[in-house]
Amino acid sequence: MSNMGSYDERLKNFTWSIAAEELGYKDGEVVNIGWYCSDRICDLGKAEKTALYYEGFGGAQRSYTFNDIRLISNTIGTFLRNIGLVNEDRVCLFMDRIPELYFSFLGVLKIGAIVQPLFSAFGDESLFIRLENAQTRAIITQKKHLSKVRKIKDRLPYLEFIIIVDQLKETELEGKEIVFRFENAEPVDKMAIYPTKAESPSVLHYTSGTTGQPKGVKHVHLSLVSQYLTTKWVLDLRDDDIYWCTADPGWVTGTSYGIIGPWCMGITQCVLDSGFSAQSWYQFIEKNKITVWYSAPTAIRSLMKAGDEIIRNFNLSSLRHLASVGEPLNSEAVIWAEKNFGKPFHDTFWQTETGSIMITNFPGMKVKPGSMGKPFPGIIAAVLEQKTFEPIDEPGKIGLIAFRPGWPSMMRTYWNNQEKYNEKFVNGWYLTGDKATIDNEGYFWFIGRDDDVINTGGHLVSPFEVESALLEHAAVGESAVVSKPDEINMEVVKAFISLKPGYVPNKELELEIMNFIRKKLSSFAMPQEVEFVEKLPKTRSGKIMRRVLHAQEWGEEIGDISTLEND
Amino acid sequence: MNTQEMKDMVLNYVIKEYLEDEDIEITYDTPLISSGYVDSFSMVSLLIFLENKFKIKIPPSKATPEAFNTVNSIIELVNQYV
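Listed in order, the protein sequences are those of chains D and F.
The opening residue of the first sequence carries number 1 in the working numbering; numbering runs sequentially from there.
The opening residue of the second sequence carries number 1001 in the working numbering; numbering runs sequentially from there.
Treat each hint with caution, since some may be false.
Short, incomplete list of chain F residues facing chain D, as computed with Cβ under 7 angstroms [what the hints assert, rightly or not]:
| no. | residue |
| --- | --- |
| 1 | 1033 |
| 2 | 1035 |
| 3 | 1044 |
| 4 | 1048 |
| 5 | 1052 |
| 6 | 1059 |
Since the hints were derived computationally from the structure, they do not count as laboratory data.
Computed from a predicted model, the values in this text were never measured in an experiment.
Here a beta-carbon is modelled for each residue, glycine too, at the ideal position from N, C-alpha and C.
Chain D with its partners taken away, still in its complex shape (with noise of 0.2 angstroms):
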């Protein structure tokens, strides 16, 4: 029996007070994730369980239990108030998924801070938009990445602290850098944890949209009560579970499901931070004897691309759920997992935005191979008509995913742009920019991105954010980013590039493009293509025709080319 037990007994019966109950939280009391997720377990009586088993590249292995997390995440916290940070200023994790980032986490929660995760990979130029909007008042990070925050750092007049967690020597610091680490540290046993409420903001995740700049979404403390709830009845997780998310805590899955979900639960879990391989995955559930794995679709392609014949080498049978998140999970990985673990990947939909699972396929519940699944208890979801916005009745017909504002966890707002969170609105409904088809049994079906944002392996990318970027490259004159297919990543990206007089296109200046973007934005948001032609379809306007470029892509119906500019 899974902890949900029967969906449609929850759905009759089903108020969120259900998890504030479990939680211990009343309306209007303090709630601060930070002693969630560690000092309420050490007073449940779980000091000694194991919080994390960390393992990194090379085989470095750490572990920590909840007490230790506990006396961690108040020794940083105690430091960060020492040097003078306050409730409400945004402090970046910038790290490789190493224990720090976990710890700093909570203890910037602890404070009543805000945590602003960002993923380690993102280069210079992703990193100083994303602390610019924010007004990022600290960062914490690690040595290998110094050199990009050392790029950026005068141009950001409210970044006063960036936190060391390696061991450097004073005379090879800069100014404003100051070294941390919690292991020469006095460890504090009582702080005095701040009294954030409710509505007190939490984390800052950044998330890419078709037009401007990434927009930071505001959560705040009430989203423990729908992380844990979806943890519990989603992801199945009980006591004796070790738990496995594959996910970079730089993204929501990894904040929400990654840190909050379990260890407001008491869940030991695991890390594995280094490079992907089969070998080194199944390897490590193995060795950890993990239960519950949360991955990516990507990853679960991969895997499949790695073959059948390596899975025979592992002892796998302590897997006893899997669930995905990231991109649609195509019925060809549901139907592999059920041959090779004995079980299916369960899929999981949501957003940055949404701070929780919103649509799944329910453990104990028919898995329909290629669904997304039904809505969670209290979501009240619907695909509406592109038009009028009104949910559509009839089975199979595509819409707007939409859901009705209200669950804990819902975004409060896009960082200093109150404008775009509006724009998310549309006759009492929350756009999700996702389209989908309901079956008959309530099943949805995911059809699409109702924008140009491209989803490749699981991260948003904007086209225009790439195309701002290419523009800053000496010999782009124009270009257009659009995404093409991909088998393990489902689509990547891909750059139109029409060059500056005197400039020649060869592969050469390819590669120079490439590695420009990747430095400079991320290795995701590289094109992993760029294609030189002499102009951009254009509208005669003068607007590029992103669209045309896509169909062409992916072989669909260029569609009405009516106001494409002719020669």
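For this one, chain D is given, so just place chain F on it according to the hints.
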């Protein structure tokens, strides 16, 4: 260009293009992909570098994470096409 020179060229390119921390020391046998120094998205840029430098064409099916995992394995792959 002999094999040693090819290895050095690839090693220097990897250090220059993909390693953020100047203090990290890598050798011909250091895992590049499984260590995370070069991620799967970046592999295509490394592939284009090899094709440009050695004037070869490597079939996509051969450009696997395993083949790109060390400088030695990369040169082994390249040598099949030069």
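Now for the hints, and whether the structure bears them out:
1. Interface hint at residue 1033 of chain F: satisfied, since its Cβ lies 5 angstroms from the closest Cβ of chain D, which is below the 7 angstroms cut-off.
2. Taken as an interface hint, residue 1035 of chain F checks out: its beta carbon lies about 5 angstroms from the nearest beta carbon of chain D, inside 7 angstroms.
3. Hint status for residue 1044 of chain F relative to chain D: holds, with the closest Cβ pair at about 5 angstroms, below 7 angstroms.
4. With a least beta-carbon distance of about 5 angstroms to chain D, the hint placing residue 1048 of chain F at the interface is held under the 7 angstroms criterion.
5. The interface hint given for residue 1052 of chain F is met, as the beta carbon of that residue sits about 5 angstroms from the closest beta carbon of chain D, less than 7 angstroms.
6. Look at residue 1059 of chain F: its Cβ only gets to about 14 angstroms from chain D, farther than 7 angstroms, so that hint breaks.
The structure fails to meet hint 6 from the earlier list, while all remaining hints are met.
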